[in-house]
Amino acid sequence: MASYALKRLLLMIPTFIGVTLIGFLIMRLAPGDPAELRAAGGLGGASGAGVSLEKRGAVDEAVAQWRAQYGLDRPVQVQYALWLKNLFTLNFGESFKDNQSVWNKIVERVPVTVKLNLLSLMVVYLVAIPLGMYSATHPNSLGDQVTTLAAFVLFAVPLVWAATMAIVFICGGDFYYLFPPAGLASLDYAEDWPLWRKFKDQAWHVFLPVLLMSYDGFAGLSRYMRASMLEVLSQDFVQVARAKGLEERLVIFKHVLRNSLIPQVTMLASILPGLLGGSVIIETIFSIPGLGQLGYESVLARDYPTVMALFTVSAVLTLIGILISDLLLSVVDPRIAFGRRLQ
Amino acid sequence: MSPASWKAALCLLLLVGCRSGQETETESRGSSSVVSRPDAGKPATGDWLISHSLSDPEQLNPLTSNDASASELLQYIFQSLLTRDPRSLELKPLIAVARPAISVDRRRYTFTIRRDAHFQDGTPLSGEDVLFSIKAIKCPLVNAPFLRVYFDSVVDARLLDEFTIQFSIKEPYFLNESVLGGIDVLPRHYYDPGNLLKDVTLADLRKPADQLSAAIKKFADDFNKNFSRNPMGSGPYKFQSWKTGREIELMRDEKYWGYGKAGVDQPYLDRYKYRIINNLDAALVTLKSGGLDEMNLNPVQHKRGTGSERFKSEFQKYDYFAPNFSYIGWNNEHPIFRDKRVRKAMTYFTNRKQMVRTILFGLGEVVEGPIYFFRPEYDKSLRSYDYDPKKGLELLQQAGWSDSDGDGILDNVVDGRKVPFRFEIKVNAGNTTRKSVALVLQDELKKHGIAATVRELDWTIFLADVKVRKFDAILLGWAMSVNEPDAYQVWHSSQAANKGSNHISFKNARADRILEQYRREFDERKRIELYREFQQILSDEQPYTFLFVGKSVSAVQRRIRGVEVLPGGLRSIDWWVPPPAQKYGQRLTAN
Chain G
1 MASYALKRLL LMIPTFIGVT LIGFLIMRLA PGDPAELRAA GGLGGASGAG
51 VSLEKRGAVD EAVAQWRAQY GLDRPVQVQY ALWLKNLFTL NFGESFKDNQ
101 SVWNKIVERV PVTVKLNLLS LMVVYLVAIP LGMYSATHPN SLGDQVTTLA
151 AFVLFAVPLV WAATMAIVFI CGGDFYYLFP PAGLASLDYA EDWPLWRKFK
201 DQAWHVFLPV LLMSYDGFAG LSRYMRASML EVLSQDFVQV ARAKGLEERL
251 VIFKHVLRNS LIPQVTMLAS ILPGLLGGSV IIETIFSIPG LGQLGYESVL
301 ARDYPTVMAL FTVSAVLTLI GILISDLLLS VVDPRIAFGR RLQ
Chain Y
1 MSPASWKAAL CLLLLVGCRS GQETETESRG SSSVVSRPDA GKPATGDWLI
51 SHSLSDPEQL NPLTSNDASA SELLQYIFQS LLTRDPRSLE LKPLIAVARP
101 AISVDRRRYT FTIRRDAHFQ DGTPLSGEDV LFSIKAIKCP LVNAPFLRVY
151 FDSVVDARLL DEFTIQFSIK EPYFLNESVL GGIDVLPRHY YDPGNLLKDV
201 TLADLRKPAD QLSAAIKKFA DDFNKNFSRN PMGSGPYKFQ SWKTGREIEL
251 MRDEKYWGYG KAGVDQPYLD RYKYRIINNL DAALVTLKSG GLDEMNLNPV
301 QHKRGTGSER FKSEFQKYDY FAPNFSYIGW NNEHPIFRDK RVRKAMTYFT
351 NRKQMVRTIL FGLGEVVEGP IYFFRPEYDK SLRSYDYDPK KGLELLQQAG
401 WSDSDGDGIL DNVVDGRKVP FRFEIKVNAG NTTRKSVALV LQDELKKHGI
451 AATVRELDWT IFLADVKVRK FDAILLGWAM SVNEPDAYQV WHSSQAANKG
501 SNHISFKNAR ADRILEQYRR EFDERKRIEL YREFQQILSD EQPYTFLFVG
551 KSVSAVQRRI RGVEVLPGGL RSIDWWVPPP AQKYGQRLTA N
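In order, the protein sequence lines correspond to chains G and Y.
In terms of the numbering used here, the first sequence has 292 at position 292, counting the first letter as 1, and numbering is strictly consecutive.
In terms of the numbering used here, the second sequence has 466 at position 466, counting the first letter as 1, and numbering is strictly consecutive.
Derived by calculation from the structure, the hints in this document are not laboratory data.
We put the CB at the ideal spot given by N, CA and C, even for glycine.
Among these hints, one or two may not hold up.
In silico DSS-like cross-links for lysine-lysine, where the CA-CA straight-line distance does not exceed 27 Å [claimed, not checked]:
hint : chain 1 : residue 1 : chain 2 : residue 2
1    : G       : Lys115    : Y       : Lys243
2    : Y       : Lys243    : G       : Lys200
3    : G       : Lys85     : Y       : Lys217
4    : G       : Lys85     : Y       : Lys225
5    : Y       : Lys467    : Y       : Lys499
6    : Y       : Lys238    : Y       : Lys583
7    : G       : Lys200    : Y       : Lys583
8    : Y       : Lys42     : Y       : Lys92
9    : Y       : Lys391    : Y       : Lys446
10   : Y       : Lys273    : G       : Lys200
11   : Y       : Lys198    : Y       : Lys218
12   : Y       : Lys470    : G       : Lys198
13   : Y       : Lys198    : Y       : Lys225
14   : Y       : Lys583    : G       : Lys198
15   : Y       : Lys507    : Y       : Lys340
16   : Y       : Lys243    : G       : Lys198
17   : Y       : Lys470    : Y       : Lys418
In silico contact screen, one side only, chain G against chain Y (beta carbon under 7 Å); selected entries [claimed, not checked]:
hint : residue
18   : Ala30
19   : Asp33
20   : Pro34
21   : Lys97
22   : Gln100
23   : Ile167
24   : Gly172
25   : Tyr177
26   : Ser287
So that you can see chain Y by itself, here it is in the shape it has in the complex:
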C-alpha cells in the first residue's frame, strides 16, 4: 500500500486546516452514493498521462516524506503487504500471499510473502526486505516520527523462514492487520547496502537514541540523506527523473512482476508526468491548450471557465468527495454550551444547505456525523437537523434563555450568575470557507438575540488555543476514514485531558464504553452495530454542529478511458487510452 493510502488505512484522523488559496481540494456537486462506471472496452497499453502538481514534493523517500504530492507518486513505486479493494475497501493481499494468520490471543500476525515478486532492479523480494522495512520504520533516528507513531504497539518481528514473517503486538486491536499490511516493502539491498541493520532487533531499536550502536546511527544518517530523490520499489512504475520545479516522470516498468497476475493492479499508461505549475490559472490555461491531461479545478474554475462546448468536448469533469468534514466545535464545558439543548439550537440556526450552495458553490454535502457515507458503519437513519430557527428558539426557551433585561441579547442564570448569550467563534486565518461559515452564522444569531464575534488566528496560535481548550467555539475539520474508522481519539473522554484530540471535552459514559469495546471487537457486524449506536448518541448530544463534506472536481482529457469515481476518489492506475487515440510516445510492444 502506498503512503497515500496509509493515512486512510490507518484511519488517521486529520485535523484539517485548509488555507484559502488551497481550499481547492474539497469541492463539488452531485449526490453522495453515485459511483460512475468506467467505459467499456479492453484496456490497451501505451500513451502518457500528464498531470498537474501545484508544487514539488518535499522528497520521495517513502518513510520520511510526509506530504500529499509525494504520496501520490510513491503509490506507484512502492507496494505493501496488503492493499484495499478500491470498490469494497476490503483488505486483500498484494505482496503477501493472503491475509495474515492471526493468533488466538490476537497478538501475533503471520504473513506469508509471495515468491514471484521482485524489485524494479530485478532483485527478488523476500521476507528479509519486509523485516528491513519495519526495522527502518522503528529506528528512532530515521526521520519518520510521523509514520512511526502507528507502529508503537509492534514489539517484535521475526522471520520464520525466508518468506514468512511474524509480528508481535502489545495489545489486541482490530486495526492492527491494516497497520501491518500497510508497511511499504523497501528493497533492503538498495536502502541498506551495507546491511547495517542485519543483526539489529526491534528491541535494540527501542533504546534511547544516544545508546544506539554506531552501525544504526550510520544507517539512519545515510537513509535520511541519500534517498530523497531516487525511490526504488516493487511497484508497476519506476522513478525516471525529477527536474526541480518543472516535472517529475515515472515510467512503466516493463519487467514488472505483476503483469497478468490475478488480483494485482495492471498498469496501462507508459508514463506519468507531473508538471509542476504553481498557479491554478496558469494550469487551467495549460490544460486547455493541451499541455495537461488532467487537473483538479477550484470551485470558481469549475463554475466559470470550464463550461464552454469546446472544453466539454475535450474534457470530462468528475466530482468526488474529499473525505474530510468541517464542523463547529462547541466547548462542552463552557457555561453556555454545556446544555445540549443549546448545542442543538445552534445546529438548527446553522443553515448548512445554504452554506453548501453559496460558500462551497454547491460542491459538497451536509453531514450529520463523523462517519464517511460510503462506510457500512455509517448510519443512514440519523436525524437531520435542517435549518429551523423556530425550533432553535424553542429549545433555547426550554433551557431558560430569554431577554429578561431587554438589552436585545438573550440571558440566563447559569451557576447562580446571570450570563448574557455572548461568545466567540475562533477560525484559522486564511481559510475563507471557514470564515464565511462563521460570518453567516454570526449574522443569523444576531437576529435571535445572540451576540457572536468571529476571531481569526494564525494556524499555530489557533492550534495552541485548541489544545489548551481556550475557546468558546471553533471551526475545524477532520479527515474521515475511507477505511474502518476508529473515533476513539476524538470522542473518548480520556482524550479530553492532556491536550488530547477530544478538544471540546465531550464526555459520555455509554459512548466511552462503545469506543473501547469497538477497538477490541474483531467481528465486523458487531462493530457496525456499536458504531450505529455511537452515531445516534452524537446526533442527540450535538457536541459539534457537523457541517459538510466538500467535493473535488477533476477535469480529465476525453481520450483517457477507465476513469471511475470510487469511494476514495479517482484512481489513475486503471486508466488507459485506446491505441488510435494515443497522443504521446510510441506504443510499447505488448506485454
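Bound conformation, chain G alone:
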C-alpha cells in the first residue's frame, strides 16, 4: 500500500508538469495581449478593448516597456521555466492588473467559493441520494419516471437562462422581491450585527445561488445511485437478508445502501477540485467575489499569473482528488489490493 502510494505520488510530478505546460501554452497561444489591453484602458472601462493612438509610436514604446517589466518579451519556453522555478518556492508572482501577490488574491476569495460549493454539494447529495434510492426501490413506477424526468429536465435547463430568469422575476424590480439579485451580504451589513441577523442575511443571499448551482447535479448523481443500488439489490446476499426475514427498511438501509455507496467514492476525485473551482456562471451573474469570478476576469484581462495560479491550484487538487479516491477505494473495498499485486 505504502509503496503504491509513493509510486502514485512520484507519477504526479511528470503529470503535473505536463498539465501546466499545456495550460501555459494554451493561454499564450490564445489571441490577446495584456499590454495592448492595458494600453486600451483595461476592461474596467465600459468600452472594452481599444488602443490609444494619440501618439501611437510612443504607445508602442510604452507597451514594449510594460512587456519588459513583466518579462513578456522573453521566449515562451524561458517564461515557462521561470514560472516553474518560482512555483517551487510557492511564488505565484504578481498580478498584471495591480502588482498584488496572486496568492493573496486567491486566498482572499477561497472562503466564499468553498462556502458556496460545500452548500451546493450538500444540497445535491441530500436530494439526489434519496431520489436515487427511491427510484431504485420503486423501479419503473410512476414515481420513478416522474422524478427521473424532472431531474433530467432540470439537467437540461441552461444555467445562464435560469439564473437570469430568477433575477428578473424573483429578485425585485418589477416582479417579486424574494431574494437579492447580487452579492453575498446586504449593503448595510456590519460585523457588529448580532449573530442571528448576520446568519439570516447571509442565508438570504446564498439561497438562490446555491439552489441554482445544485439543480443540474440531481440527474447525474441520482442516476448513479439508482444504477448501483439496483445492481446491489439483485445480488444474492440481499435475497438472503430478505429470506431470513429482515425488515425491508433494514435490508435497504443496512445492507443495500452501504454497498451501493462504494462507487460513489470515486466521485470524490471530482469533488475536491470542484470545491475551489467555483462556478464561473453563478459567481458572475450574482456578482459573487469568488474564485470563479476571479478566473473569468483574469482570463478576460489576460492576467497570465493569476490564470496560471488558478489553473495550477485546480490541477493539483484534481491530482490529489484522484489519488485519494483510488486509495480510498482500496480501503472500502478490500477486493482491490494494489500493493499486494505489485509484490
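Once you have looked at the hints, place chain Y on chain G.
Leaving out everything else, chain Y in the frame of chain G:
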C-alpha cells in the same frame, strides 16, 4: 484634474473597439446641443450616492492605473494644477493660483501654487509635491508608460521657491498648458516616505533603466507595489474602503481645504458607494428595488424595462453623448478607394440615419467629421451626406464604374487592369453594433452591383492588420476630444507611415500644413479658423465615412438634485439631496 479627464484634457484619441456586452456605454436619444438645467434651490450636504460599477477597478494608484472604473473614483481623491470649467470647458486654476505664466519662446511654463491647500491627512500641499509628481511620472521604472508618453517633451522641472514651479518643454505646442495643468498632485510624504527622489532630476530619469540609481529603483518598486489600494490626495473625498467584488466607499473629507473657496468644486454628498454588480440585469433589478441610486442603462434596458410609471416616478433618465464616433475607414491607397468619388458614393450608400434608429435604438447622432459638436472648432456648415443611392451611382459612373461584362458586378479599368468592385470590410469580433453596420451596408451595396464581404477578427489580430494596412475597409471608432482637439496623429500624412494612426493613408498637402500650423498656434480664434477649413477638406475627401456618435443613458434617483447634462456627460460632484428627502446616514453638522 483627475485621470478621468486626463484623456480628454490631453486630447487623447482613442481607437475604440467596443465589445458586444459592453456596448452599453454609447447610446441614447435626443438632440445634440440641449443641455439640461439643474434644479433650483440651495444645495445641502448629507446623504449618500450608491452608484453602479460593472467590475472592480484594477487598482487605485493614480499614475499606474489605466482603466475607466478607477478614473471615475480617482477624480474625487486627487486634484491637478488646472481643471476645466464643466460648461465652457476652459482651463481654470485649481491647485495653482492662476493659469501658468508662459515664456515668450513658449518653452517655459511657471505655475504658482496656492498656499491654502492641504492633503487629506492635514499635511500642507507645496511645490515639492508637484515636483515629486512629475518625477514619479517621468521615472521609467514606474509602471505608468501609458501616462508617461504625454510628458515626453517635458525636459526639466524646478522649484523657483516653495510655491512656484517651472517646467521646461522641448518645443512649443499649444496643448502643453493643458498637459502640465493636468498633473495630479500626489503627496510626496505619503508616496515617497523615504524621500528617495529628493536629489533626482528629470535628466537623471532619462537614463536607460539599468543605469538608474538604487534609490530610484527602490522608489519605483515600492511605488508600483504599495499604493494599489490606498489612494490619498487633496480632493474632497477620502478613500474609505474597498471590499473586492462588493463595494468601494469614498467619504467626504470634513477637513477638505476647498470648502467655501470660490472657483473650487463644493462637495455635498457625504459618501459615494460603488456597488460592484457584474451583470446589468441584476443591476437594473437592484436599482428598481432601491439598492442603487444611479446606473448606466444599455439600449434594451432603456427601450424596455424602464418605461413604467413606477420607474418614472422614482428615476429620471438622462441621455448624453459618449464622445467617440464610429467610422468606416476606406484604405485610401486601395485601387478602388483611391478615387474620392468612389468614397463619396460609399457614404451616399450608407443609410446612417436608419442605422442610428435601428442599430443604436435611436441613441446616437450622425456625424460628418471628427470634431465634437460642443467644440467651437466644430463646423456647423459641413455638408451632410444624406442617404442617396442615386447620387452614389452617378458618382460611380463618373468614376468609370459600370457592369461591362454583365456579371452583375460593377467593374472598371484601374491601372490598366480590369477590376471588379469587390472588397472586404473588417470588423472586430464581438462588436455587434459594428457588425450590424457592416451587414446593412453589404446588403445595400449588393443592390447596386457591389460585392462586399464582412470579416470578423479578434481584436488583437484586427489591430495588427490595421497597423500594417492589410485591409480594404475597416469599421472602427475614435474618441472625440471634449477639450481642444488635435487631429495631427490621425490625419497628418507623416502618420501614414510606420504603423502610425493614419491607418487609411490619408494624404493631403493643405491638410498637412493646417495640422502643423494648428499645433503651434496659440491664438484660439486662428486655431478655430484653421480647423474649420480642415473639416471642409475632410468632408470633400471622405477618407472615412463618418458614422455616428452614440449616447449613454443614466437613470438617477429623483431625490438627487443638481443633475445636469454637460458636454462631458453627468458630473456627480455637483449632486445633492434636500434634507427632508435624505435616505442614508445622519446629516453631518454644517460645514
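Taking 27 Å as the top limit, are the C-alpha atoms of lysine 198 of chain Y and lysine 218 of chain Y close enough?
Since the Cα atoms of lysine 198 of chain Y and lysine 218 of chain Y sit roughly 13 Å apart, the hinted pair holds (cutoff 27 Å).
Decide if the proposed pair is consistent with the structure: lysine 583 of chain Y and lysine 198 of chain G, CA atoms, cutoff 27 Å inclusive.
Holds: lysine 583 of chain Y and lysine 198 of chain G sit about 23 Å apart, inside 27 Å.
Given the hint that lysine 85 of chain G pairs with lysine 225 of chain Y, test it: the Cα-Cα distance must not exceed 27 Å.
Holds - the C-alpha atoms of lysine 225 of chain Y and lysine 85 of chain G are around 22 Å apart, at most 27 Å.
For the pair supplied as a hint, lysine 470 of chain Y and lysine 418 of chain Y, is the alpha-carbon distance within the 27 Å limit?
holds (22 Å)
Have a go at the serine 287 of chain G hint: is there a Cβ in chain Y nearer than 7 Å to its own Cβ?
holds (5 Å)
Is the interface hint satisfied for tyrosine 177 of chain G? The criterion is a beta-carbon contact with chain Y at less than 7 Å.
Holds: closest Cβ of chain Y sits about 5 Å from tyrosine 177 of chain G, inside 7 Å.
Take the C-alpha atoms of lysine 42 of chain Y and lysine 92 of chain Y, compute the straight-line distance between them, and say whether it is at most 27 Å.
At roughly 24 Å apart (the allowed maximum being 27 Å), lysine 92 of chain Y and lysine 42 of chain Y satisfy the hint.
Under the criterion that the straight-line Cα-Cα distance not exceed 27 Å, is the pair lysine 198 of chain Y, lysine 225 of chain Y satisfied?
holds (20 Å)
Was the hint right that lysine 97 of chain G lines chain Y, CB cutoff 7 Å?
holds (4 Å)
For the pair supplied as a hint, lysine 273 of chain Y and lysine 200 of chain G, is the alpha-carbon distance within the 27 Å limit?
holds (24 Å)
Are the Cα atoms of lysine 200 of chain G and lysine 583 of chain Y separated by 27 Å or less?
Roughly 24 Å separates the two Cα atoms, so the pair holds.
Given the proposed pairing of lysine 467 of chain Y with lysine 499 of chain Y, does the C-alpha separation stay at or below 27 Å?
holds (5 Å)
Checked against the numbered hints above, the structure breaks hints 12, 18 and 20 and satisfies the rest.
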